[in-house]
Structure formats: structure tokens, C-alpha cells
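Novice: Chain residues, written in single-letter form:
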Amino acid sequence: MRLRARALASAFVLASPLWLAVPSFAERVLRLDESPIGEIDPAKATDYADTVLMSNIYDTLVYPKAGGPGVEPLLATEWTTDGNSYTFKLKDGVKFHSGNPLTADDVVFSLNRMIAMGQGFSSLFAGRVEKAEAIDPLTVKFTLTEPYAPFLAALVRLPVVDAKTVMANKADGKHGEFGDYGEAWMSSHDAGSGAYKVESQNPQSETVMVKFPDYFLGFAENAPDKVRYRYGLEAPTVRALMSRGEHDIADLWLPPEVIRSLAAEKGIKLDTEAGGSTGEYIKLNTARAPLDDVHCRLALTYAFDYGTTLKILTINGERAQGIPMKGPLPSGLLGYDKDLPDYKQDMDKAKEELAKCKYDPKTSPIDIAWIAEVPARERIALLMQAQFSKLGFPVKVIKTPWALVSEQVTKPETAPHAVEIAVAAVTPDPDSLLYNMYSSKVPPTWMSAEHLKDAKVDELLEAGRTETDQGKRETIYKELNKTLRDLAPAINAYEFTGVYVARDAVAIPKLEDKSKQTLDNFNLVFREMSITE
Amino acid sequence: MNWTSIGKRLGAALVVMIGISMLIFAIARVMPGDPARIALGPNATAEQVAALRAERHLDAPLPVQYFEFLKALSRGDLGKSLYTNRPVTTDIAQFLPATLELCIVSAIVMVLLGLPIGILSAHFRGRMPDHLGRLVALIAVCTPAFVWGVILQLFFGYFWPIFPIEGQLMQSTPVPPHVTGFLLIDTLVAGNGAAFLDALYHLVLPATALAMSGLGQCARLTRSNMIEVYDKPYVEMERAYGFRPFRIATRYAFRPAFIPTLTILGLEFAAMLGNAFLVEKVFGWPGLSRYGVEVIIRKDLDAIVGTVLIIAAAFLIMNILVDILVGVVNPRIRLAAGRG
Amino acid sequence: MLAPSAEPVLTIRDLRLGFGTRRHQTEVLHGISLHVRAGEKVALVGESGSGKSVTARLAMGLLQESPRTHAIGSIRFDGIEAISGGREIARRRGNRVAMIFQDPTSALNPTFRIRGQFRDVLRSGDRSIRDDEADRRAEAALAEVSIPDPKRALDSYAFQLSGGMNQRVMIAMALANRPALLMADEPGTALDVTVQAQTLGLMHELTERRGTAVLLISHNLGVVREFADRVYVIYRGRMVEHGTTAQLFRDPRHPYTRALLAAIPKISGGGLPDLPERSPDFDQPMVVHEGCGEPAERRS
Amino acid sequence: MSEPGSPVVARRGGSRAVAAFVGNPLSVLGLAIVVVIVLLAVFADFVTPFPDHVGPIGDFAAMSAPPASPYMLGTDAMGRDLFTRIVYGYRLSLIMAVVVLAIATPVGVIVGLVAGYKGGWTDYILMRITDVFLAVPPLVLAMAIMGFLEPTLMNGMLAITAMWWPWYARLVYNVTRAEAQEGYVLAAETVGASTLHILFREILPNCWPSILTKMTLDVGFVILMASSLSFLGLGVQPPTPDLGSMVAEGAKYMPDGWWLSLWPALAILLVVLGFNLVGDGLREAFEAEN
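Residue numbers (my numbering), protein chains in the order written: chain A, 1 to 533; chain B, 1 to 340; chain C, 1 to 300; chain D, 1 to 290.
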């Protein structure tokens, strides 16, 4: 098959009509893809593609630290904090794509805009920041409502927009003097300072970006001149484009079979993004019978087939799309405890726990939702169905689109008994993962599909937030990790390790140099990449 | 067809459009789930959700909501898509041309291949070319568009890769400046012949996959109508007067046979608008249909209502156009209208 | 009446025709012979279903294309053999031989103007004729059949003209290329009686003037008596009697012919004659009147 | 088959139709396809080599295995035998088609009969409602409905039924309009027969040939429509085997896993073709009968 595909690929070159043999000029184009849609408005960005876009079109005060937890300076040169307020010094001479200088006022404007529009990552800041002010053009100060340790990390989600450009393009809207805060315009234009600027935007098909030559940090020698970030390509399309050399980096969601056959082709390599911040959780609805009984939940965690799951995710001897977990915290976050044992399937223990459960499995049906957008998860859902049925539960698997899951899970009555959801720490801090998942104070969202209400967990979560000493925080999160392991609000199925398929000709330093790798999703920095033909 | 009858048809179409808007609106509003919650995304607070519910009149009774919807519609406002975070009209304006372009090219393929197959079948009635033509037409009709898509892709995109399998242009082809949104036209306006050919080249597989079912139907209808016409006295007269068989087949028997076929072709074109949903998915075509699938899966209410309304409108307009065309082709109707 | 010694333009000899598949055939013509000499007017008379129309169509090579017809025997027309159809006879259609139909209105294509159809008729006589030349000739031909405004007629569709007008158009078309033989298949039966009589008169006059031979196919003995020089009577795929018009009407010898004559309605035309029941007498051998034999076979 | 020379057979009703049907090799081929598929579907539990592969999981040692013994058509991504799943997919498709037609036909027939016979406002309103349904491409309407409902077998059938009945309404309406003017209906009216009697005893029997032909053709087209819906992810849920979703799922593994989508795709083609051939044959047979 492989041989034939290659022979055919060369046949294609021959068969390709003459008019298509357009001589390629010296422009270096980077072609990659992600699932739709691509959102380029910083106040709305949330998803995987959005994060990549933000990292390249905009800049933030700080960036996730390379090679370990925490943050490093980007627009900010230094900062001070007294626990309740943070003051940042900005780098001088940074220019927006418009040519306007980037100042403290722009930072303040960006924060206000995000909070006012109330979308995207606004929840990271809304209600926590009392005020933001420009002390001088290069100094900005944030005052918090209460001490909040994860604030610094949260700033990786605050791209700075060009206030003048946004206001010049505002339309009528509900934000008073700010009109619509440039919402309409910003959905197809950028107002950033990043290394690349938007040339064209179609949220359903692609964003085209070109180099911003005046970028303050410079570029790798062979950095791409142009980037085409495409959305919604089907797996076989990506596979064909890759093997024809018409695509440079594939998205993370290809089935293992496809990655395997691509890896075997010439000129193609695999890169793993192991930022250790994404957990694949089978979220169990702890507010609905029979899973409101911890023993029933524990029975399921023992019945889950971890081995086969990892086998399904394996690509070859050295790479897999997942590694085992030891608790709810993935390996790259503060509080990860490498001394805890791996999870293993144990049907005897499962039956033991089931015997202690107050429900009779035969009369307790279990609904498993499978998120339609991620085909690979079907196998895991079906695997669960097979295993849980062995315990005697009547099990139903429902393929559900993400939009619907994210709505269903907000209510305990409608949330499925089990749903596999990947949750990534959106900032390099364990709080951004666990607080949203398990605090009973947070209004229910897809991240908290477990609907856990536990006093001890709440207490530890609050402690982790307010404590500023890193050593003490680590102890708190280790204990939290252990507690959650015993409460089993979710089956901690595996830690997601994304496998990128890339052309040999493309170098991605953040993925290929362990010391440069950072938080999942923040590694595709175009200006650092190089394309050598 | 004169202005009065066109006016009447438009009136009837309007009644149907209102019916459709009510139908789709009702379906959209009785579905389970809170559109405001879905709209705001998972991180929104309860207050934000309530505010949006009020803003969009989601708590008002259905007729009031419908009235608000009509009011907005009259301003050309179809609401906001949750999928793209943009006004639905912006999305439709951006995605509709690609779908229409695909459907129109498919319709051309359907006619250019379907008619000759039907004509040949009828001409060689009961002989080998006829059997072959009928079989091809039947298989074309019996196979869903997505199966054609998958099979064409497999054979002409992978096993014998002579055609592109996705998208509208090669990545190396510069996208022409937006004039009409129809790539075939925009590339020509930009004076870029290579890009035009590239766009055409990318249309081959999806347009063929989409055309297949209509093509089969077209061939079958043409054949049976032609056979009926072949039994008419005027065809015998034409043969008795030494008209060339080819000229009879392509002109004298064809035109009367084409009139009833044309009516059905209008329906087939409309069916294409539906089947485009399948084909655009297979070929990653950035059109309205793919948008439609995405918004339906995401329960993006405003976008669903907008998409369905636009497609229904296109369907109705198409049918009226076909009626007008039938009038033009059929002298009886044309002359009768001229007199009335 | 022309001298019987003139050369035959059409000679049919022992024509048999079967319909159906190769293995299951129904014979509808059981070996008939007839001939038409240049300038002569011959009638072929019989009930519907007797095979008279089929004979005319076979002679023009119109039926042979279908795989379901099987004709044997000989049809010589204009120096060629047409029994199995083919190019030669096809080339002669519309110019060496033409046909006039029962219902002129349905014999004209309703979706084309007369002009276009007339041009194609003229083209079957002269492939390279230009449109303006064709139109000129068409107008002249229409004027000849007394159509008042030929230009307007050319720009009309058949459904816009009366039946009589269409019949005139048909006659003009039929004679436009000066054919040697005109087949008239129940001409104008669909029209009312006076119009039918007028157009028959017109046809008679024009063919007479040009010396065009006519094979008139009819069930109407009144018309035949007015029009034809010689008559063949056909019954269920067999010729039963052949003679000059005078001989046949004066002295009908075959029982079937006698039955036909007895059934002539008193007023000429006017629908189908009230035909007798089938009778074993009708199967008696063919009667050929004096001086009316088929011409001797001649190899050419 | 009736012998031309046997008057006993020839006189029996419908024999000419039977002869016309049997005389057409394509109709017979269609019937053979349909019979084989129906038998396979009914006896799926006995004829499939791996009946337990109808469930969620199969042979994890042979995930996405190419066609080879013992999996003659190969396996899917869950290591399940494709032949087994195609046969069960047929079972599901046939059930859907039968249920959809069993609901859509009576609804459409009643609407068509009433509108066509009553005329006036009843006619206008009923037929405008029908027009509304007919003015949206069928797939789009079914999709929209499916989009709002949970994707279950029942809802899928509901969505397809909702877009199917108007075609029957149209068909029966046209026949009824023509028949209502016929002598026998007028006669029945003058002797005071009830409306119900006239509709169901006098007019309906005249619609049967067209309805039956359409139903046969529609078995194929309902299957086609259902598979299109499930191809878009709006159909029956896994692990239930469904031909449309099998094509969609398999398409993700093209071209290396070509068998995953090619066989189910051909399976859909075959069943639709079969019912179409039978439907065409029936139509010709009814025409021959008259």
C-alpha cells in the first residue's frame, strides 16, 4: 500500500496539468491545519486553533516558561507583586502592526475589552481584577479583589490589542463610548503586535498570515514568510496532502493508523507535544444515581481497561497519543506526584467495590457520551461500554456533538453518567485545571461535568489559590491530587500527548528541543520555525 | 410566461416561504437545550445567560419571538452565528457563492452528460448503447452523493491521483480579489487564466459526485421522453423527408422531449442544494452546506434558520426560473402569454 | 393517363414482412407485389391494419432500422434496392420520394417554426443550400399552393395555422424538391370534407403538372375513384385485386373488393365505410385485370 | 409465467403483469438482489460469521485489518468484521424503510385524498402545507429536524417520515383530482354513498398501482436518505451498525483503509439498485396490465 501510494504520488506529479506547474518563488510558506473554527479576536479566543493564532498574531505580558512550569517575560521585562497587586514594566519600542507603539494604555484597554465582552477567557479575570491602570506609558498596574496566586499565569491568556486601531474601527454597540469594542471588525482583522499579521480570514477554511518584519524579537533564519492555517480538513485529506508534500504540519487529531502510515513515508517525521498539561478524563456524574455512590465510581475506575486504551493510542514503539496518569494532575503541573501507582484494570477489585455500592447494577443504566468531533474517542467509549457491561450495568453509548455536550453537562440531571473530555490547563498553573473542575463555587461548565461537591476538596482548592509560596502550594496540590484519586469523580484515563506529523524540512524547535518545550498548545511559534528545502 | 403569471408565482412562493420560516422557526424553538447557554459558551455566568435570553426575547412566547424574528429579517438581520461569532448574513454571503458555484457547475455537468446519454439511449433504443446507458443512469440514481464522493476520491484522488481531493484552489495559486465570490468569475476578472483553470480543475470531482444522481435522472427522463416523441407523427415526417437522424435526435425530437425534462431538472437542481451537504463534507468545500452541517451539529439556531431559509429561497427561485425557461422553450406557452 | 409503357419508379416484388424477435415473428405482409410508373397515380386500398401503410413506409426504408422488423423480397426504387433500408434510400427521402400524412398538423413539429422545417426539407434535396435561398424557394412553393402570406406562414408554428393551411404546407414541402414519387397516406382524413377535397384537388393538379408519380393509400374508394389511374386492393397482408380504376369500379371481381364497393357511403369521404365481417370468400386468390400484370423482372 | 397458448392462465387476473415482470431480466435481477438482502437481514444471526461483532468491540488483535480470512471483507477500526456489520446494517436499513413508509404512506394518502376530493379551502390549505414541505430540499429538512433531536433510531425515522409524506400526498392528490370527475364517482355520489366510502372504496383502489410502485422504489430511496443522514453524523448511534456511518467512519482512514468505506458504500448501492429495479419492473408490469 505504502509503496503504491508513493509510486502514485510521483505519478501525480507527472499527470499534473502543465498550468499547475507554477514555479515557486522564493517565498517560504508554512502550511498547517486545525479543526474549525479559527477565532482571531483575542476576546473570544478559547480553542486550540485560537491559542496558536494568539501566540503568533498577538503578544502577552508573559508567556508559558520553556522547559518547566511557570511563566517567562514577553512584553513585560519585569514585575513586582505584593500578593494583592501586580506591577509590570513594559519593553520599550514594541510596535503594533499599525505602527502604533504598544503602551500601558493598550494593556488596560485589552483587559477591559475582554471583561466587557464577557467571552473567551474573560472568566479568568472577571471579578478578580478590581482595576487596571497605566502608571506611565511603560508601567501597568493590576489591583486584585483578593490575593490570587494564579493571576500571573492567567496573563498568558491576555493578548494585548492596539487600542487606537480597535477604536478606529468600532461600530455601534452596547458598550457606550466603546461601541461594539470593534467586535465586528476584529472577527476578520487583527490589531496585534505579533510576529505575523493576518492577511485574510475565513473562520471556516483558513487564516493566512504574513511575516511582520518589524517584530521586536526577530525571526529564525529560515522562518516562514507566509503561514496558511487551514481549518476542518478531513483526516484523509491531510494524509494525502502530507504525502504529496503539500502540507507541513498536520493537526493533532489524526487517528493512530493514519499517523502510522504517514510516519512510514519518506520526508515525514513525528513530533510529540508532551507539555504535561492535558488530562483525558472520563467524567463521572457524581450527582446522579448510581454514580453518586463512591463505590460505584471506584468500581468503574477499576473496570476501565487502561492497557487497551493505551494500546489503541500507540503509534509505534516510541510514540503514543497518551501516557498513563497517576491522578487528576497531569505530569507537567505543580503537584504532580510521580510516586503514586499507575492505574490498572482489576475486575476483582471492581466487583469488590461494586458489592459495597448501594445500587444494583442491573437496574442502573449508564449513559456514555462520546464527543462526535473526536473520532478516536469512539473506541474508548465502546471499550468502556464493553467493560462496564461486564459489571452488569446496562450501558448506552451516545455520540454527541461538543456543543450539545457542553450544554448537557451543565445540569446534573442531563449530564451523561460518563463522558470523555480532555481538559487542559489553560495557564501554566494547576489552579486553572482543578479549580474549574472541582470547586463547588464555580458555576457548572463542561469542565465540571462531575458536579462534585466536597468540602475537603473545596478547602484545598481555596488554599492553593491564596497561598503564594510555591513550596507550600506544591504540598497542597499533592494532597488534593491524592484526595481526588480516592474520591474518583472521574476516571483518569490517560494524559494526552499530542503527536504532530510534520515534514522533515520543517524544524519546530519548541517541540524538538525538550528544554524549549512549554505548555501544551503554546509550542507552535512560527517565527522560531525554519523551513529548509 | 408574462409578468402577471410570474407575479402570481412569486406570490405563491412568498406564501410558501412564510410557511417554511414558521415551520423551521417552530422546530428551532421547541428543541431541547438553552440557546443562550450554548451561545455564550461554557464559561459564561448565569447572569450573562439571563441577559442574553432577555436580549433575544428567548423568554417570550413563540408568536412574539417569531414576530421579532420577522422584524429583524426585514432589516436584513438573521441574527448571529454561535459557530463563527459573526452575523449569519455575513456567513451566508461568504459561503453561499462557493455552494452555488458547485451546484451550477454540477448542473452543467448533469445536463452535458445526462442529455446525451438519454438521447443516445433513445436513439439506439433496445440495442447495446441503450442497455449500457440505462444501466449507467440507474446506478447513478441509486447511489448517494457521498458514496460517489468517496469512490471518486478513492479512485481518482488516491489510487490514480489525477485530481485534487479537497479545496477550491491549489495552495500555490493566489486567491483572486473578492468581486463576486464565485471563483470562476473572480479569477477571470483578475485576468488570471491559470487560477481559473485551477479552480475548474478542483471542481471536477466534487461537481461530478454532486451531478451523478441528477445526471442519471436526467438521462432516464430524456430517454423516456425522447422515445415518446419518436413515436409522434412529426418525427416520422422528418424521417420521411430525409432529415439526418443526428439532426432529428439533437434538434427536432430533442426539443419537444426537453420541455417536460426541463421541469424535472429544476427539481434535480434543488435536490443538488441538499446533496451539496454531503459532497461539501467529503471534499472539504468551504460552502454554505458545510456551514449548514456544522451549525446543525452545533445547534446554532439563528444560523440553522438562516441557512434553511436561504436554501429554500434558492429552491423556489430556481423553480420559478425553470417555469420561465419552459415558457421560453415551449412556443405554445410563449405565444399564449404574448397574446394574453 | 400516361402510357403504361413508362418506366416504373417503384417496383415491389413478393414483399414479406414479419414483426417481432428473430424467433417469434408475426407475419403481416405475405408476399405482395406492386409497381408505380413514372407520372402514374396508383392507389393502394384496404382497411386499416391491412398492411397498406406499412408497405408505403417499407418502400421509403422507414421501418427497416428497427431490430423488430424483418422484411424480405424486393423493393426497387429509383434504380436502387431498398428492401433492407440503408443509406441509399435514406438519401432519396425528401427529394426523390416524399410523403403526405393523414393529419398535417400533428405531422409538423410543434416546437419549431415552419421556416426551419422547410429549410431542412429543402436541404435534403440540396445539402449546400443557403438559408436565404431556401427561404426564397419555400416562399415560392407556398405561393404555389395558394397560401396567401407565405412569409407569415413560414414564421408560424403548425398550431397557429388551420388544418387546411398545414395540409398545403405539407404538399408544398412534399413537392418542393420535385420528387419522382409521392406517397400520400390517407391524406387529409383528419380534416373536414371540403378542405380535404380542396387539398386533394390541389395535390392532383400539382402532381399532374409536374409529372410526379403518386402512390395513394386510402380506405376511401370515393377518393380513389376521383384520383387514381390504377388500383391495388389489399386484404390482411395479401393483394386481392389489381386493375385500372375504370376496370375495378366497373367490374369488381374479388369478393372482398365487391364487399368494399358495396360499403361505400353515398357521400364521398365521411369516415370509415361500414365493412363486412370477415369471410372465407375474402381469402380467394388474387384477381388481376387485363393489361395490369406486374412488369417483367429486369436486372439492372 | 403464462404460456401464450394456455387460456386458463391467461384469463387469471394480473398474469400479463406477471409475464411482463418476469420477462424483463433486469426486474428479475432486482428481485433476486432484494430477496437475498432480505433473507440475509432476517437471518443475520445465523448467516454472519461474527454475530457478536454487532456490539461495541471486536477483535483488538485485528483492528483495521485488510480483507483476508477469516474477515473476508476486512475489519473496522474496532476490529469488527465488516461483512457481519454490513448484514446487520441491512437489517436496520430495512426496518427503517418499512417503518417510515408505513407511517408516511397513510398520512400522505389521507391528505391527498381529502385535499383532492374536497377541494376549496381544504384543498388550498392542505396542499400549501404540502408545498412548504416540498420546498425545502428533503435532506435539508430531515437534517434540520435531526439537528434538533437526539440522534436515535426513532428520531431518525421521524425526521425522514416528516419529509416523505408530502410526496404521497402529491401523488394521491393528482390521481384523486382526476378520478373525482369520473363517472363512477359521480354515480356513487348520486346514490348517496358516504364520503369515506367514496374515498376509500371508489378512489383509493385506483391509486394503488402508483402507490405500490412508488413504495417499492422508495424502500431504496429511504435507505439512501437514512444513510445520507447518518453519513453526516445525524443518524443511528454506535455501536449499532449503520451503512451510512460506516462509510463516514471508514472515510477517515482512506486510502490506506479503503475497504472500510468501499464495502458499505457498495452495499448501499446494491440495495437501492435492487429495489429500484423491482420498482421499475412493477411499473412496467402495471402498464402492461392496462
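Heads up, some of the hints might be wrong.
Restricting the straight-line Cα-Cα distance to at most 25 Å, the calculated cross-link-like pairs of lysine-lysine (BS3-like) are [what the hints assert, rightly or not]:
hint: 1; chain 1: D; residue 1: 118; chain 2: A; residue 2: 311
hint: 2; chain 1: A; residue 1: 141; chain 2: A; residue 2: 131
hint: 3; chain 1: A; residue 1: 174; chain 2: B; residue 2: 71
hint: 4; chain 1: A; residue 1: 266; chain 2: D; residue 2: 252
hint: 5; chain 1: A; residue 1: 266; chain 2: A; residue 2: 338
hint: 6; chain 1: A; residue 1: 269; chain 2: D; residue 2: 118
hint: 7; chain 1: B; residue 1: 8; chain 2: D; residue 2: 118
Just so you know, the hints here were simulated from the structure itself, not pulled from any lab data.
These numbers were taken from a predicted model, which means no experiment stands behind them.
Novice: Hint by hint, say whether it matches the structure.
Specialist: These are the hints, each one checked on the structure:
| no. | hint | result |
| --- | --- | --- |
| 1 | D:118 / A:311 | violated (67 Å) |
| 2 | A:141 / A:131 | holds (8 Å) |
| 3 | A:174 / B:71 | holds (20 Å) |
| 4 | A:266 / D:252 | holds (22 Å) |
| 5 | A:266 / A:338 | violated (38 Å) |
| 6 | A:269 / D:118 | violated (73 Å) |
| 7 | B:8 / D:118 | holds (24 Å) |
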